[in-house]
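Enquirer: Residue numbers (this note's numbering), protein chains in the order written: chain B, 17 to 340; chain W, 17 to 340; chain G, 17 to 340; chain X, 17 to 340.
What the hints contain is simulated information worked out from the structure, not anything from laboratory work.
Idealized CB from N, CA, C, for every residue including glycine.
There may be inaccurate statements among the hints.
[What the hints assert, rightly or not] Below, computed lysine-lysine pairings styled on PhoX-like, alpha-carbon distance capped at 20 Å:
no.: 1; chain 1: X; residue 1: Lys-122; chain 2: X; residue 2: Lys-155
no.: 2; chain 1: B; residue 1: Lys-155; chain 2: B; residue 2: Lys-122
no.: 3; chain 1: B; residue 1: Lys-115; chain 2: G; residue 2: Lys-115
no.: 4; chain 1: X; residue 1: Lys-122; chain 2: W; residue 2: Lys-115
no.: 5; chain 1: W; residue 1: Lys-155; chain 2: W; residue 2: Lys-122
no.: 6; chain 1: G; residue 1: Lys-155; chain 2: G; residue 2: Lys-122
[Unchecked claim] Across the chosen pairs, the derived CB separations fall in these ranges:
no.: 7; chain 1: X; residue 1: Arg-233; chain 2: W; residue 2: Ala-38; range: 21 to 31 Å
no.: 8; chain 1: X; residue 1: Ala-47; chain 2: G; residue 2: Asp-272; range: 30 to 40 Å
no.: 9; chain 1: G; residue 1: Arg-337; chain 2: B; residue 2: Arg-179; range: 39 to 49 Å
no.: 10; chain 1: B; residue 1: Arg-337; chain 2: G; residue 2: Leu-99; range: 53 to 63 Å
no.: 11; chain 1: B; residue 1: Ala-50; chain 2: W; residue 2: Pro-232; range: 30 to 40 Å
no.: 12; chain 1: B; residue 1: Arg-179; chain 2: X; residue 2: His-336; range: 17 to 27 Å
no.: 13; chain 1: W; residue 1: Ala-156; chain 2: X; residue 2: Thr-123; range: 39 to 49 Å
4 protein chains.
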Amino acid sequence: MQIGVVGLGRMGANIARRLMRAGHACVVHDADPATTQALAAEGATAAGSLAELVAALAAPRTVWVMLPAGDVTESALAELIGLLSPGDTVIDGGNTYWKDDVRRAKTLADRGLSYLDIGTSGGVWGLERGYCLMIGGDKAVVERLDPIFRALAPGRGDIPETRHREARESTAEQGYLHCGPNGAGHYVKMIHNGIEYGMMQAFAEGFDILRNAASPRLPEEMRLDLDVADIAEVWRRGSVVTSWLLDLTAEALAADPALSHYSGHVADSGEGRWTVEAAIEQATPAEVLTSALYTRFRSRQDHTFAEKVLSAMRAGFGGHREPK
Amino acid sequence: MQIGVVGLGRMGANIARRLMRAGHACVVHDADPATTQALAAEGATAAGSLAELVAALAAPRTVWVMLPAGDVTESALAELIGLLSPGDTVIDGGNTYWKDDVRRAKTLADRGLSYLDIGTSGGVWGLERGYCLMIGGDKAVVERLDPIFRALAPGRGDIPETRHREARESTAEQGYLHCGPNGAGHYVKMIHNGIEYGMMQAFAEGFDILRNAASPRLPEEMRLDLDVADIAEVWRRGSVVTSWLLDLTAEALAADPALSHYSGHVADSGEGRWTVEAAIEQATPAEVLTSALYTRFRSRQDHTFAEKVLSAMRAGFGGHREPK
Amino acid sequence: MQIGVVGLGRMGANIARRLMRAGHACVVHDADPATTQALAAEGATAAGSLAELVAALAAPRTVWVMLPAGDVTESALAELIGLLSPGDTVIDGGNTYWKDDVRRAKTLADRGLSYLDIGTSGGVWGLERGYCLMIGGDKAVVERLDPIFRALAPGRGDIPETRHREARESTAEQGYLHCGPNGAGHYVKMIHNGIEYGMMQAFAEGFDILRNAASPRLPEEMRLDLDVADIAEVWRRGSVVTSWLLDLTAEALAADPALSHYSGHVADSGEGRWTVEAAIEQATPAEVLTSALYTRFRSRQDHTFAEKVLSAMRAGFGGHREPK
Amino acid sequence: MQIGVVGLGRMGANIARRLMRAGHACVVHDADPATTQALAAEGATAAGSLAELVAALAAPRTVWVMLPAGDVTESALAELIGLLSPGDTVIDGGNTYWKDDVRRAKTLADRGLSYLDIGTSGGVWGLERGYCLMIGGDKAVVERLDPIFRALAPGRGDIPETRHREARESTAEQGYLHCGPNGAGHYVKMIHNGIEYGMMQAFAEGFDILRNAASPRLPEEMRLDLDVADIAEVWRRGSVVTSWLLDLTAEALAADPALSHYSGHVADSGEGRWTVEAAIEQATPAEVLTSALYTRFRSRQDHTFAEKVLSAMRAGFGGHREPK
């Protein structure tokens, strides 16, 4: 099939590459002309503008937008709406807030356009490993674009089949899934990332304790000097915590068990926050997913005002002076 | 009555003073002779050693030990055991782990000595305001020493009577309570401090959010520039959160709404940790008390290894570089 | 002054009463005519409709709306907008979301109407104790209505003055405060309630541990049989956790130390949720306020799906069967 | 090699089987003679008592004890100490508290006996998949018993090699690791299980939110009806959360997306609790691992006393009655 790809960052460029490897034709555009040209050198058709990109596609067109969530995506969509024709489809593969998808899908439907929200997991590894796709939108559109999704997804690979799924017919085993109406794709991706935060924090705390087992804060006879790199490695085989995140941790610890290249400032993206919001709207307790988020907030501050309030109270009732 | 007081720090000295004001006779000892002499100048009998202190007391003796929990208290007790006679009583008014009280009480009982564990709340304000006393030990001993406790405790004051307590006979209204056998005093004090941590953290987080309502991290039209000092003050009257901790917060914020004198490093004492341990032994969930403790742990570190593990994973799957 | 009061539930009726006691004239309306008449019998002017209420007030009018947050308040406001005249003022004293205040204030301003958002704390005790008022809106309007606020607020009472406030000029010492522009009143009230949740949960967990100190889950020699009612009472004097919430807890435990009349289903109102949302928007960690909220969510379910997922995993890797 | 195996439950029996498959000779004993005989029928040498088992082994003997942690293991060890000879080795493969290992190792060393503490992960799948072994004890003993560990461990399998480990010489790639001196094996296993709890809870909360996306607590237009079984399956390929725990969840949800066979009562074993204790001893914040533990505590109660305390306070200040 033919498809337009807008936004050729780490994710967008590799999506185009993986599609081309599977024989699909990509018309690509990035705000940076050099980036666009680089991909043209790999076989894509370069478009200097969204208008050029739309013009280079045969109807019914499909345009995959892979831009940072928020204003950048929003304005690209606004421009595309003016350029596309009824029957065309816009895909937002970025990390968009699912309620924005619901709103946008209505706007596009008013113009006869289709909209798919696709949560895309795979990071820098997607080109080789394939992308896990969580898709929201109309069933007919999703089915028509099946070759695109099949090409991007990892496929069955050598992952063993799940028991009790014998009777199910689903693309889930191929690594892509039509999750429901518009919004459902990014909703599922949002929760995926919420879980990811929780899992990451579980590993992070565990390795923190392992490393601090040698802490001088402990009585000397209770200290253990553990090799966190070897521990991460041994858990990769046969243990209950085997996971891709553990593989990545093992690699990082093998390179430097002290992880001294990392500042410890940890960014967070919208999905973690929206997951908490979704939990609260439902009155679902989500202690672990929320704590994982707050830990990141805290990591980016020297000290919180909260901590100073604690010190001030302690000075007030006990005359304690906190050491600087 | 006559009583020995060992350890004349902030708490011990004021306990002696409050007892003397009520007409009790204090024999006092501190490792620092100058401190001992200072209190002698206020009417106490100075003792240069534990032996002198014991010698200056008439049997049955009562010695109130007010030293830092742990080794210091433990060795003072060991020395006292050798000096005292059957029928004498040792009081540990410090922040001792309740299981240590149970063990010690048995050791002392073997020598015919009585032991009381007394959790003492009141901080630097106790001299004027009185000390809230939580007492563990034998009933007969507690009753014999009632005049001591009555003198130290705040008394009824102008605090309104609690409904439904009309039929109860208890010293609780006077601000001291025989909580149970040995260990019970420090157990109740431990939970008191656990709750204190939780309440402090609740205020700390609330004021943090109030202050950050003006944060440049927010869109400009959503920012609010709030006067945290006035807010603390207004809540002191008629609101649900009125409390002594709020009074102290209001005072600190009135002096400096930015609390810029405080580093934000927050110490924790054993009680917060033992509270969590007690909760876990019982399988009682204690989210808030535990989070309040962990916040203090975090406040004393630049960055945790956990945070670096998070950054390393993010670099692994997404190529993210965390800003230094 | 003359004021209209709409909504005569627990809070609205007592607000009218407290205003009348201070000599203000109240025109009152409730959806239930009997409720309206009951307050008329106490000296208020009854209004059978909002139109009657507006007609009975002299310009510039002030109408205090005290209705459940959400649709009920929203539609009362919509009706009032059509009835009032430029220069009139609407007060929302309920628990409204602060962003709704910002929106509404603009709508009313377009019609020449003023709007105040007032967070009102005091519960069923406000009539006698006074209401702590947190006010958002235009300074001039707030100053004009000062007699109303002064009458409702608790006043200085016998609460000691806060040190370092000598130079401040503020109504905060009277128990009411102009917090800032529209939204600021309910924002401050929202955080107040967030803190309230955290403090409540701190007490709740602490008393849970105290009660479970006698749990058969513990080895027999480690059990303590503690009197939670007396402990709550003794803490009311001289301890660090003295607070109104402790007073209320002491009363409830004095009536029944097992609290067997309570189901343990705990409701939550919007403020707790919005507090978490505000924290997340700012990237302020708020572990304790959030955990306090989640505990309430959990209290209203028999079991969560999350717990079943845990059991299913345990069965999967360990063959564990969870007891029914 | 020849080895004794004591305790033929799910884990012990499969350990013996996997050793025999690799050509090792097992002398086995279980408190239940029928269980012992069943394994004898598979090729093991049956021992009717510990004395028989010791007698059937040639010196230097190795006895793998695989019993429930605590008293059962403790008394088996006490009996074995009396039966074994200097140079013999006892392995505790159960879930023992690491400080008990340190203590025991000293006791055994006094008799000339060696002791290894081995954390064993793999559950019911270990027979086929191999066991991940975390070993604490003397290097010489660990090296001598290498054939045993190599036989039990999963081996390299088809798991890709970790980058940056090229220069390392370690058995970690085989799935077993000498972690350090006595205690280190169970310490590492303890943290493994702590992480496991956190990861499980992350998945549990995520699937809870996915399922509640259709909750009637939400406004109708915001509901999503998601297929949790298909979502679990799609994440198994290419997503960041791929893991063995996800595989197990996918299987359980495929069998019954409502998981209606599970009560939701979730047990916890010592490791989760000891992990929190270790964190607190080090002053390492461990929010997520602790919350995961508390969630299990809460799952086993109808209501906590804490929740009733909350309701009682709410009744006190607001007149709220919580619905039964």
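Enquirer: A separate judgement is required for each hint: does it hold in the structure or not?
Expert: Hints versus structure:
no., hint, in the structure
1, X:Lys-122 - X:Lys-155, "holds (16 Å)"
2, B:Lys-155 - B:Lys-122, "holds (16 Å)"
3, B:Lys-115 - G:Lys-115, "holds (18 Å)"
4, X:Lys-122 - W:Lys-115, "violated (25 Å)"
5, W:Lys-155 - W:Lys-122, "holds (16 Å)"
6, G:Lys-155 - G:Lys-122, "holds (16 Å)"
7, X:Arg-233 - W:Ala-38: 21 to 31 Å, "violated (59 Å)"
8, X:Ala-47 - G:Asp-272: 30 to 40 Å, "violated (48 Å)"
9, G:Arg-337 - B:Arg-179: 39 to 49 Å, "violated (18 Å)"
10, B:Arg-337 - G:Leu-99: 53 to 63 Å, "holds (60 Å)"
11, B:Ala-50 - W:Pro-232: 30 to 40 Å, "holds (33 Å)"
12, B:Arg-179 - X:His-336: 17 to 27 Å, "violated (48 Å)"
13, W:Ala-156 - X:Thr-123: 39 to 49 Å, "holds (42 Å)"
When held up to the earlier numbered hints, the structure conflicts with 4, 7, 8, 9, 12 and fits the remainder.
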